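Just need the whole structure built from these sequences, with the hints factored in.
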Amino acid sequence: MHEIHSKQTVIPLEGVGLGHITHFNFEAMLDSLLSDPRIRDSLIVNWDNPSKGVRCDPSHVSDVHTAKWFFQTQKRMCTEPDHLLCPIVLACDRAHCDEGGKSRLSLEPMLFTLAIIPQELRTQPWAWRPLGYLSNLHLVPSSEISTRLRGQNIRNTHRMLRLIFADIHRLQKAG
Numbered sequence: 001m002h003e004i005h006s007k008q009t010v011i012p013l014e015g016v017g018l019g020h021i022t023h024f025n026f027e028a029m030l031d032s033l034l035s036d037p038r039i040r041d042s043l044i045v046n047w048d049n050p051s052k053g054v055r056c057d058p059s060h061v062s063d064v065h066t067a068k069w070f071f072q073t074q075k076r077m078c079t080e081p082d083h084l085l086c087p088i089v090l091a092c093d094r095a096h097c098d099e100g101g102k103s104r105l106s107l108e109p110m111l112f113t114l115a116i117i118p119q120e121l122r123t124q125p126w127a128w129r130p131l132g133y134l135s136n137l138h139l140v141p142s143s144e145i146s147t148r149l150r151g152q153n154i155r156n157t158h159r160m161l162r163l164i165f166a167d168i169h170r171l172q173k174a175g
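Each residue of the sequence shown is one higher than the one before, counting from 1 in this note's numbering.
Don't read these hints as lab results, they were simulated from the structure. From a predicted model like this one, the values you see are computed outputs, not experimental measurements. Glycine included, every Cβ here is placed at the ideal spot set by N, Cα and C. Do not take every clue at face value.
[Stated by the list, open to error] In silico lysine-lysine, DSSO-like type, Cα no more than 27 Å apart, as pairs:
1. 52 - 173
2. 75 - 173
3. 173 - 7
4. 68 - 52
5. 75 - 7
6. 75 - 52
[As the list claims (entries may be wrong)] For each label pair, taking beta carbons as the anchor points, the in silico distance ranges come out as:
7. 49 - 152: 19 to 29 Å
8. 82 - 168: 12 to 22 Å
9. 99 - 47: 19 to 29 Å
10. 18 - 96: 20 to 30 Å
11. 152 - 54: 39 to 49 Å
12. 99 - 170: 32 to 42 Å
13. 8 - 36: 19 to 29 Å
14. 96 - 47: 35 to 45 Å
15. 96 - 38: 26 to 36 Å
16. 5 - 75: 34 to 44 Å
17. 89 - 175: 34 to 44 Å
18. 36 - 93: 31 to 41 Å
19. 51 - 154: 37 to 47 Å
20. 36 - 67: 21 to 31 Å
In structure tokens:
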């Protein structure tokens, strides 16, 4: 099992100097999620042959594993008996921490869970893990806001997401 510790990485951000990004090791968070006793025994996995998926009635859509795209993707991608299609579900929502919610103090976590966790469990807070936190781009002094270039916040957000998703990207490339 991997150690679960946050990492701090400083990256250059366009027009606002440096961004201090808090992020987590994806493998450690994945291990934490899959080893949670509230989740482990309920995973939607055919343990005898993970590449084949679980038996279900395709005419009754009840969860991700019953959707047509899931069957098609599983057939195309899971070519070996130990392959497992495991979609990652992402959520990101800024929480305002200041009085009146004026965006000056906010927290924006990037969270994930897995589609092989049944939907009724995915609605529980303990079924989600953090990947990282997006820096608050609104802490720039008001006098500097007018000097921002068009699209600057989007480009900076993408820089932060590239760092936060780096572990997932590396694992997908490795297979």
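### Message
Flag every earlier hint the structure violates by its number, smallest first.
### Response
5, 7, 9, 17, 18
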